[in-house]
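My request is simple: use the sequences and hints to build the entire structure.
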Amino acid sequence: MNPIGRPGELPCKSARPIPSAAEISATARSYDYLVIEIVGAVAAAIASAATLRRIRGTALPYNVPVVLALLKLPTGALTAPLGLLLMRGGFVPGLSALDSTAQIIAWAIIFGYSQQLFTKFVDSQGQAVLDAVRGPNGMPASASPEDRP
1 MNPIGRPGEL PCKSARPIPS AAEISATARS YDYLVIEIVG AVAAAIASAA
51 TLRRIRGTAL PYNVPVVLAL LKLPTGALTA PLGLLLMRGG FVPGLSALDS
101 TAQIIAWAII FGYSQQLFTK FVDSQGQAVL DAVRGPNGMP ASASPEDRP
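With the numbering used here applied, the sequence shown covers 1 to 149.
For the record, the hints were derived by calculation from the structure and aren't laboratory data. Backbone N, C-alpha and C define an ideal beta-carbon position, used for all residues, glycine too. It is possible that some hints are incorrect.
To be verified - Derived CB-CB ranges, DEER-like:
#1 Ala50 / Ile105: 18 to 24 Å
#2 Val133 / Arg53: 19 to 25 Å
#3 Ser124 / Glu23: 41 to 47 Å
What follows is the structure, encoded as structure tokens:
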């Protein structure tokens, strides 16, 4: 016989019981998901503001930095609930503490901001596009020789 449980049963990793679907539906409200997405989008907006500060601008009619910043908002709104779902599912060992509303909001902020890890590659590609359009002399590549000083 297994000293921790019934015969043939594997021991549970955590001491906390896993809530049933009825317990979850009794405690979760319908607007909780929306709140988590909004918190994730706000955290992503903070990350995009920091990124916009670092991206070199352009006088060209291309709004690549703004489009890159706008891309971060829905990405942050997606990474916040997905990160919380991964935590609640026990995907990351040791990260399962979602006991209070404050902890849930704090983790939503962290996961919303963490979209920066996913969009960093897109930011570097956008900066490469801006550098290619600018040309080697820092002037727009489409500028005629008369326009150059």
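Here is how each hint holds up against the structure:
Hint check: Ala50 to Ile105, Cβ distance near 20 Å, so the stated range 18 to 24 Å holds. Checked against the given bound of 19 to 25 Å, the beta carbons of Val133 and Arg53, roughly 20 Å apart, stay inside it. Restraint check, Ser124 to Glu23: a C-beta distance of roughly 45 Å satisfies the suggested window 41 to 47 Å.
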